[in-house]
Each structure stands twice: as structure tokens, then as C-alpha cells.
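Visitor: Protein chains in written order, with the UniProt record's numbering: chain A, 1 to 389; chain B, 1 to 389.
Any given hint could be a false lead.
Same chains, same names: a pair is fine if it fits in one copy or spans any two.
Said to hold, decoys possible - List of simulated lysine-lysine pairs, DSS-like, C-alpha gap at most 30 Å:
1. Lys369 to Lys21
2. Lys256 to Lys232
3. Lys256 to Lys138
4. Lys369 to Lys287
5. Lys21 to Lys290
6. Lys311 to Lys232
7. Lys256 to Lys345
8. Lys369 to Lys345
9. Lys369 to Lys142
10. Lys311 to Lys138
11. Lys369 to Lys4
12. Lys256 to Lys369
13. Lys142 to Lys21
14. Lys311 to Lys142
15. Lys138 to Lys369
16. Lys373 to Lys142
Hints listed in this document are in silico derivations from the structure and should not be mistaken for laboratory results.
Number of protein chains: 2
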Amino acid sequence: MYRKYFDPLDYNLSADFRLTKLSDLKGRGCKVPREVLHRLLEGLQTADKNGYGDGQHHQGILPESKPTPVVGIGLDSCVIPIRHGGLFLVQSTAFFYPLVDDPFVMGKIACANVLSDVYAMGAVEVDNMLMLLSTSNKMTDKERDTIMPLILQGFKECAEEAGTSVQGGQTVINPWLIVGGVATAVCTQNEIIIPENAIVGDVLVLTKPLGTQVAVNAHQWLENPDRWNRIKSVISEDDVRKAYQRAMNSMARLNKIGALLMHKYNAHACTDVTGFGLLGHAQNLAKHQKHDVSFVIHNLPIIAKMATISKACGNAFGLLQGTSAETSGGLLVVLPREQAAAYCKDIQAQEGYQAWIIGVVEKGGRTAKIIDKPRIIEVPAKDTEGELW
Amino acid sequence: MYRKYFDPLDYNLSADFRLTKLSDLKGRGCKVPREVLHRLLEGLQTADKNGYGDGQHHQGILPESKPTPVVGIGLDSCVIPIRHGGLFLVQSTAFFYPLVDDPFVMGKIACANVLSDVYAMGAVEVDNMLMLLSTSNKMTDKERDTIMPLILQGFKECAEEAGTSVQGGQTVINPWLIVGGVATAVCTQNEIIIPENAIVGDVLVLTKPLGTQVAVNAHQWLENPDRWNRIKSVISEDDVRKAYQRAMNSMARLNKIGALLMHKYNAHACTDVTGFGLLGHAQNLAKHQKHDVSFVIHNLPIIAKMATISKACGNAFGLLQGTSAETSGGLLVVLPREQAAAYCKDIQAQEGYQAWIIGVVEKGGRTAKIIDKPRIIEVPAKDTEGELW
């Protein structure tokens, strides 16, 4: 029922070919540390000195002659008024090093993550995508000619699933393999949800489970005896493979339905959860609120057994602290209390996936926190999940 | 009068710090070879099997449910009709490894090159730019914190000079330093010049001299005795430095005025000249013409002495064959014969730079060629050029 593992032998590649070996960094690691990024971007900014989001940087304040963007630094999309017809440009870009070994799935994940930032603004009609690729100069010609078309295919299929298409891009050669892109939507004002209207009494909903980075790492440790020996007493190989499949499924899944339903259920704010983890993105979102609110998180839905691994590794990932990086994570949506259950139920009905109420909006100073001893919701891999492909 | 050379000592960096050492590839070298790119992108295409432009790939034919882009593969921008108000999205992306040692200038060059593809479509009002950056993991923290803000600053100033601004992007860590971006313009139809209307009797105008790659390489050879010994009998060190300055100036210069004037003088088609050289881009443009035409190039304006170097290197660059890569090269504009001189004169009046009539449009099979023994126009570096900065 699961997606068949990508097997290099099926493509006449060496049995030990691993996409994830084509970079020394994975997931969170590819990001420039937050404080370094902050320093780097100081030159770019004109006034606003807020946080910078997830390695992605979207600027807030502009020279006076320029239209002021509606969404500022710290969130991962830019929303800019344009010259024509009261329209807005919503754009996001991101690129990634391989974090799973299946090139087709890696292409889907990259595309889903690029789109996710635009969906977090409520924009669901994407006009164009560009693809940014680099082949790795460590690949043989045979590897390159096999792997790159699969990545492209995954990216393209994901874009089509999103109802858009890839109309441009660039491909270069680099030591590490890169896959990424740009999503662009031109929207009317009512197609966008400016993420700043959380009020006391709202609740927080999360649309995908946490733990993708832990799952991806644990899966790599199956081939690394030193690492595997440290966790094998707490988890079986089969559970690791199930979690890895669940993570791949989750990362390749679009946040489009979640974004569409934000309009139906009157969402007050939203962000997607990626490189800075649940708490990091919750904090960024809190900072941008108009009202004196803070976000308090009570529940952590986590891919089954990943909390156990995280604890066995001495919390090295920060998973229970909300700081573990996610790739193509869920939407964190602020909804009126009376709408939240219906929002979750609608996602379940349309997509067959659960969403969870994970916290509340209280009076506060535009911060976010996770309570001591949050409830861990173990999210199992279902047999039906392989059907995504 | 020239821009002062970037001196690492001015920033307390090691005297031998060279930005261009942060990649093993430069200029043309960073591109995936054309035939490899073609293979890679086969999976992305649905029908059109034309050429792919300059490592940048812009798609032609789409599933029927999608709006058909106006400009197809082989040119470096995409032009796509959007849902709103008869508007079009014009986008381009490109990224580069360092090819000059001055980080501020490198930022300007990258920005000018990204914008150039949009200008080639006649679109001069750019709504947004994204910046794509990677720091190199070979840099020390000190080098990173010194160099990256200068690159950012150059990129940003160039965007402002273009009347737009940088509202987003992403920064990662990579073995090689990367600087690039995305330019997006939302345009009405009459703001775009679809590059397909060349007719017999038109002439070809080029707005910047050729030879940037030769100049950049020759400058690096000043620090490589083996290489320098091969060319020092035909050129002085001073001439190399002048050519390098001329090349930096030229690459950092926007093609915006050239694009604006295309409307005034009724241009029939245009492309910019980058990675595939003058002839490569002329051929791509010829392929896209509606009428049975071919482009014949008689004159090659080349940065002074660069033709000499190219000959001394056994034509390794392909400069006289029109295949030498250019970075942020000029516009190759197809104009009605009676308008071309006025177009060139207007550029000279507004910018202080020459443009040249370099060829004619004849009846033919949508190809382009350079005549045997073309006239070489030696383009000197002027003392006033340093004023660009």
C-alpha cells in the first residue's frame, strides 16, 4: 500500500546511490542561522527590524515612493499592491537540498513547500511557477540523466495538482543538488487573508503532524549502524519506515484545501510551519498581530514514534519544544472558536486527513509558547496513505 | 575615474581573498550544456521541442486547460495571460556564481541580468524582485559578514535604479557562493513587445559590446603567470584592467532605456544576449519569428583588445564566432531600417553609451549567422565610465 521505495537498481544505477548524499546539509541545516540572516539582511532593510521567517526574507518597509507591501518581514510570502486594477502580487520562493532518497517525491515536496507560503496567505489560484534546479557535479552523467527528469516530473505533477504549471526557471551545475522554485499569484484583495486579525478566544489549528525532520533522519540512520544502535531499543525498523512514508506523504501534500477552507470558515490569520518549527513560526505570526494577543499551544500532533526517538536522542531535534524544523509542514490557522471544529471536519471530509485544534489565543504581548507537558498526539501512518501517489 | 578596485584589506580581509575563488565555475561554465538541458527538460514539456535559451527554461505548450503562454521555450522570459483584466505576467529568473571580485558590483550585475530578460520583452515596469542567495561554506564568518552585505547592497541599489525593489527571497548555505533573483512584471498587452515580428529589410541593433567573458578571464589571468605568459605579448596589464572595468560597467548597466525606446521606435523583436552568446541568442530569436526571415550579422562591437586576446587563445572563447558567453549583455533589437539610427542616437543621448547596427533581416528559414570576416568594432573604455558608480 505504501509507495514503493525508490530503488536505484530499477534505473540501472549503483545499489548504493542515495539522493540525500548529494548534499552535506539536509532540512533545517540548509538554512542560514537566524541571527546570521538577520545581520546579512540589515543592509536590505530600510526600517523594520523584525524577524525574518524561515531563511526566506520578505521585506516590510520601503522607500516612500514605493507601494508598501501588505505583509512584512517575518512571514514567508510577500504581498505587494501592483499598478493595475487594485490587484496584489503574492510571491514566495524556496529551495532545498535532497532530504528524501526518492527523486520524484523530492520534486513534489519542493513544489508543495514553495506553494505552501502562498497558500498561507489564503491565495489559492497560482498563476505561474518557476523551477530552480542545480544538478550536482558529483553525479555521473548517467545518474544526472536518470535522477533530474524524475525530480522535474515530481515538481511538475505537484504544480498541476495545484492547478498551476511551471513556465520557466533555471538549471545550473553545483556541488550539491538543489531543487526549488517560485510561486506567483496575482490576486484581488478578497482572495488574500492578511494574517493579522487574531483575537482573544480564537483557537489554533494545525493541518499536518510534526516530526518530518526526525522521520527523515531516523530513516537515514537505518544505514548508519552507529546511529541506529542508539535508537533501536525504542523503535523498530518497520516503524521507522512507516514514519518515513508518512513524512514523505505529508511533505508532498498540498496545503491548498486548508487554504481554501480558511475563507469558508473565516480564518483570522495563518502561517505555514517550515524551517523554524511550530513555535518559531507561531512566534513570527504572533508578532504580526494587530491586537494584544498571544498564542498558547497545548497539543502536539506528531508522526507516531517520532517523539520517542526525539527523547531517546536527548531532545536534540527540539521536537517537543516546537523548534524542530519541518519541511512542507502544515498550516497553522487562527480560527474563531465556533468555526474550528467544522474547519477540521471539512479537511477530513475533503482530503481524508486529520487536522487538530492545538491551542488558544489569549490576551498577551504578541508572543507564542508551548505549555509545560503538552499533550502528544501520536499520528499513525495509515495503510491508505500510499494512495497519494 | 574608474571604480576603485575592491580591496580585501579595506575590510580587514586577507589580501588574497578573491570572490571569484568561491566557485569552480564562472560565467558560461555554470550553465548546463544545451543538449543536456534539452534532455533534462523533455519531461517538463508537453509538445514544443524547440531550443531552451540560456540555461533558463521557459515553457511553450501547456495542457489545454491552461492559458497558453505568449512566449515559449527558447526565450528567457515567460509571458503568461492571467485571470484578471487582460493582464500578463512577465517573469524571469537567473542565478550566478561570482565572476568579478567586487561583491557590490557582482550584486549589481546579477540584478541587471535578471531584469534584462524582462526588459527584452519590452516590459519596463517591474513590480517585484526576489533575491536568491547562498553564502559559501568555504568563507570564514568574517568573510561572510563582510561580503554578503555588499552583494545585497549592490543588488538592492540596482533594483532601485530600475525603479523596483526587492521584497523577498531566500538565503541558504552552499559550497559555492550564488547570487541571483527573480523579476516579475504584471503588464497590459501594449506594454509587451512579443518578439516575433521581424520582417525582411529590418536591421539588427546591439546595445552593449561583446567580450565580457574574455575580459573577466583575462583579468583573472593577471594573477596566474602560466596563463598571463600566453597573452602578455599581445596586451598590456593596463589594457586588461581597462577592459575589465569596461566589462563590469557594461554588465552592471540596465537594459531599461533600451527597452523603453523599443516602444518609441517600433521594435519588431528583441532578445538579450547572455550565456549562449550573440549568435546563440540570435538563433533562438530567429526561430520564434512569424515570417520567413533570417538574421545576418555583419559587425561585431567588442570591448577593445578582447578580439586580440581571443585570437591569441586560438579562438577558445568563440568570441568572433558569436558563441562566447556574455553575462548581462546588451539587447539585440530588430528595428525597422528607417528607425534604427534614431534608436541608437537616442540611447547615446540618454545614457552616453553607443549602440550599433550590426546586421540585417533577410528572407530565410528562421536562422541566424555571422558573415565570414565580420567587421570588428573596437569599443574603447572611456574615462567617464567609472561614473556609473
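Visitor: What hint numbers does the structure not satisfy?
Guide: 1, 2, 3, 5, 9, 10, 11, 14, 15, 16
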